[in-house]
Amino acid sequence: MKLERQSFLVLERLAKPSAHKVHIVQTLSEALLDWKPSMRISPIFAVDRPHAPSTSALRGRRRLLFIGPVHPDALRWAQRNSRLFVSLGLLNVLLLPNSRAEAAKLLKWAKEKGLLYEAWDLENGVVKKAVFSEAGAAPAELLKGLANLSSMALPPELSDAVGEYCPLMACTVSRGSSFPSAMLQDLRQIDNYVVETVRELKGSAGENTPYRVLGQLLSVNAGLSRFSSQTFAGTSPIMETECHFWSNSLLGIGVATLGLWHLNSFLEQTLGKARIPERFARLAEIRQDVPDLTTLSINDPFWTADHLGRLEPLAREYEPLIPPLTYFSGRDGFKSTATTLSAPLACVSSCNSPRWSLLTLTHEVSHTIVRSVVSELYPNLGEHRERLETLDLIERKQGRSLLEEIRRLLLVSIVRMDDVYSKRDGALEIDEESLVGLIEHWQREIEEILVHVFDFLYFYGKDVDRYVSGIWTSWGTIPNINNRIRDYVIRSICAVLSIHLRRPSGEESARDQVYRTLTRIFTETNDEYVKKAMVYIEKHWEDEIRDRVLAHKGVVKIARTFLFSDAVATALRGDPEISGKAGKKEGYTLRAGYLDLRHIRNPLRFLEQYTTSKVASATASAWIFYVLAFCVQGR
Amino acid sequence: MKTDVTNLYFSGLLLESPLRTVQRADLEKVRNVSFVEVVHGTNWEHFSLKSEQALRPEDRPGPYDYPIICRRSGSRVLVLSVTRQIVEHLLQHDFESIFSPQLRRVSIAVDGLVKGIANKPTAYALSFAHARVPAFGNSLRAISFYGDDLAEASLFRGQLDLMVFFTCGLREAAGATEIVRLGGDGAISFFMGTSHRVLEVERALSFLRHEGYLTSEIWAA
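Order-wise, the sequence lines are chains A and B.
Numbered per the numbering used here, the first sequence spans residues 1 to 635.
Numbered per the numbering used here, the second sequence spans residues 636 to 856.
Source of the hints: derived by calculation from the structure; they are not laboratory data.
Please note that a few of the clues may not be correct.
A few chain A residues that face chain B, going by a derived Cβ cut-off under 8 angstroms, partial list only [what the hints assert, rightly or not]:
1) 76
2) 461
3) 462
4) 463
5) 476
6) 499
7) 566
8) 567
9) 570
10) 573
11) 575
12) 576
13) 577
14) 578
15) 587
16) 589
Below, simulated EDC-like cross-link-like pairs (lysine to aspartate or glutamate); rule was C-alpha separation at most 20 angstroms, straight line [stated by the list, open to error]:
17) 2(A) / 796(B)
18) 531(A) / 566(A)
19) 273(A) / 700(B)
20) 2(A) / 731(B)
21) 36(A) / 4(A)
22) 750(B) / 566(A)
23) 21(A) / 123(A)
24) 755(B) / 731(B)
25) 462(A) / 512(A)
26) 750(B) / 796(B)
27) 144(A) / 123(A)
28) 2(A) / 787(B)
29) 553(A) / 448(A)
30) 685(B) / 700(B)
31) 532(A) / 512(A)
Ideal Cβ positions, reconstructed from N, Cα and C, are used throughout, including at glycine.
Sequences are here, hints too, so could you generate the full structure?
Next up, the structure:
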């Protein structure tokens, strides 16, 4: 089933007679030239018909069916007697049967499969009658919980946000009855998280304050609102549910949100379940044979051991993982918070190209994990006792546990970085006050280096060319980053340095590899930022970059040795469904652009292989979302 | 026409029809394919494919005559020839017009099979295994193992967690030569010294089916 070119389905409300009319246009501009206030539009894609549907496709008496969410392969049999299209909406398969008997057969099939459906009887495009399936109800206990939450006496700062949250969640869960059960489970976990957070605030004198909870709640509300609007617009009754992503206002983008959810779900099942921050915290239990990490030879096997892999998470129950709400947002772009994960709206029609590839999300996910790790690594600077202990640790020359020794290496690295940047010759006098300033000043840079190494090792599989291309291409979408180019160069070289640490001049090998890839990117794209990065490396390696990279080396070592685990990486990057020779060109047997139901287990590896096109294409991007939404097999 | 299919190396694919039983007549409908005979003492069928175009590297001008052997079982069919490319060619160019919906590959859970045999020995032993090692990214992509019984080697068992297997060879644990090689994408190949080999292959496939290593990706209409 080949996904063919894009057309647009347009719906408008007629004044006389009072009804809706639907028609197909070939381009968005064609629709815009005759735009009416009540119009809504969505792209649709013909299947197995290379020619675009003519405007006459809906003339005469026709029945237009919407069925979903379902992989179109399940309706392959219907192609004999129906014209088939797909959309990005949750009711994703559109059919124009050639008889009423065929339409009845299709609706019967949809009912038997428990799918959502809607059928429009058309007369020259005017909708004369619409029938549709009913969405299921939300589970009673969830509604009861929301009712209790809404009636809770809360500080005034919170009551509006809770008042917004409760009906939003009730609506989302009740409309989402056709979702995979794991997705509904995620929504319930988010609900539990919200209820618990609000309850803790009410009953405790803990660290939660109304404004902190408000921030969390606003973030959940914003994510849930977008998720719900984008997913359920275009569900029954289609004529009444408008999506505010205007290029998809008729049918919404339920398939895309389902795809994004599957991608995130895979990350939860692999990286999330690996519990890296919890394993990292357990390094505090290692108190014997802890070497001096600031002087230990880089060729010592200690640096290449799988420390995290050896530390199984403790048998005790961890706090459940909070599955982030996934949604698309033009304003947030690629962004992660504790409860949300967003991708730019542009991904919906352009994710087949590296610039808008969903792989960029890995950087955001890396930030989430690294933030948790860093919270274990840094001392609590708000406490006098911990500040004194930290000063003592710097003086002591040896941590009492492996975690403490890693912290010492981090502190020593921070001092070195500060020395280099401030061009200080003598030793820095550190007291309690300057310690706080120093750590706070370098916190962001430390997190970025850890994230870049983490992303490169886990998600990019140490593939320098793909990594450098990936990050510099995505930076190319950010306006006005000229003043950040120097930092980006340092981060790129540091990430690549993680595979050259054991070489005598590893930083130069890393520089050369990064420079080589930048040269290739510039040749292909003429990107101004990339050119500036190349010039910076050419002119300032000796007088600036080398020293900065060397100062960062301790942080790179921490990420490489204590955040990376061979065992976790195997789960994250492996997929038994990948076929092909063992050489570089390995991949899936999926044919790009064909809607064949072939399973994949690893959406990241799928995206690596199929989001490489130089030209963004709505059709190719829709195919990617179809694979993510319907072909990812759980583990 | 050569009617003897022994002493040839066969490669092909395990395929499945989403809707119906695969018939011999289906295969006879393929352009330039004709039925030759049933392989002696088996349920395997031997066909001949005549092609003007070389479907593998040839050192003489056409036309060419390629042997095809098949084993049908319900909606599944194993199709093999002297190279896998010939079967891929049939799948892409000829089967499409005969089977609607098209035949699909049956995935073989090679990773599960290898790890299953390594952890709990069976009547079959591993004679070959090819694995990706995703943890090491581009630094180390793949590893191959060869031997009479790989799972007996602690070196092999000790690294199982880091490997994702995608091709393997099976032999009977009691001895003798390798019976069949299997690929995750439904690829199957074996050397047919005598016609008895197809019966051994059939038994090995029954074992895979029984143990749940053959997975279908088919939607019922």
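Each hint, compared with the structure:
1. 76: holds (5 angstroms)
2. 461: It holds, given that the least Cβ distance between residue 461(A) and chain B is near 3 angstroms, below 8 angstroms.
3. 462: Residue 462(A) check passes; min Cβ-Cβ to chain B is 3 angstroms, inside 8 angstroms.
4. 463: Nearest chain B Cβ about 5 angstroms off; hint holds.
5. 476: Where the cut-off is 8 angstroms and the nearest Cβ of chain B is about 24 angstroms from residue 476(A), the hint is violated.
6. 499: Cβ of residue 499(A) sits 7 angstroms from chain B, so the hint holds.
7. 566: holds (4 angstroms)
8. 567: holds (6 angstroms)
9. 570: holds (5 angstroms)
10. 573: This interface hint holds because 3 angstroms falls under the 8 angstroms limit.
11. 575: Constraint on residue 575(A) satisfied, holds at 7 angstroms.
12. 576: holds (4 angstroms)
13. 577: holds (7 angstroms)
14. 578: For residue 578(A), the interface hint holds, since the closest Cβ of chain B sits about 7 angstroms away, which is under 8 angstroms.
15. 587: violated (10 angstroms)
16. 589: With a closest approach of 5 angstroms, the residue 589(A) hint holds.
17. 2(A) / 796(B): It is violated: about 38 angstroms lies between the C-alpha atoms, which goes past 20 angstroms.
18. 531(A) / 566(A): violated (35 angstroms)
19. 273(A) / 700(B): Not OK: residue 273(A) and residue 700(B) at ~55 angstroms, beyond 20 angstroms, violated.
20. 2(A) / 731(B): Cα-Cα ~13 angstroms, so holds.
21. 36(A) / 4(A): It is violated: about 28 angstroms lies between the C-alpha atoms, which goes past 20 angstroms.
22. 750(B) / 566(A): With Cα atoms ~18 angstroms apart, residue 750(B) and residue 566(A) stay inside 20 angstroms; holds.
23. 21(A) / 123(A): holds (9 angstroms)
24. 755(B) / 731(B): violated (41 angstroms)
25. 462(A) / 512(A): holds (15 angstroms)
26. 750(B) / 796(B): holds (9 angstroms)
27. 144(A) / 123(A): It is violated: about 45 angstroms lies between the C-alpha atoms, which goes past 20 angstroms.
28. 2(A) / 787(B): Not satisfied, since the Cα-Cα distance of roughly 47 angstroms exceeds 20 angstroms.
29. 553(A) / 448(A): Holds, at roughly 13 angstroms.
30. 685(B) / 700(B): Judged against 20 angstroms, a Cα distance of about 5 angstroms means the pair holds.
31. 532(A) / 512(A): holds (16 angstroms)
Hint check: violations occur at hints 5, 15, 17, 18, 19, 21, 24, 27 and 28; the rest are consistent with the structure.
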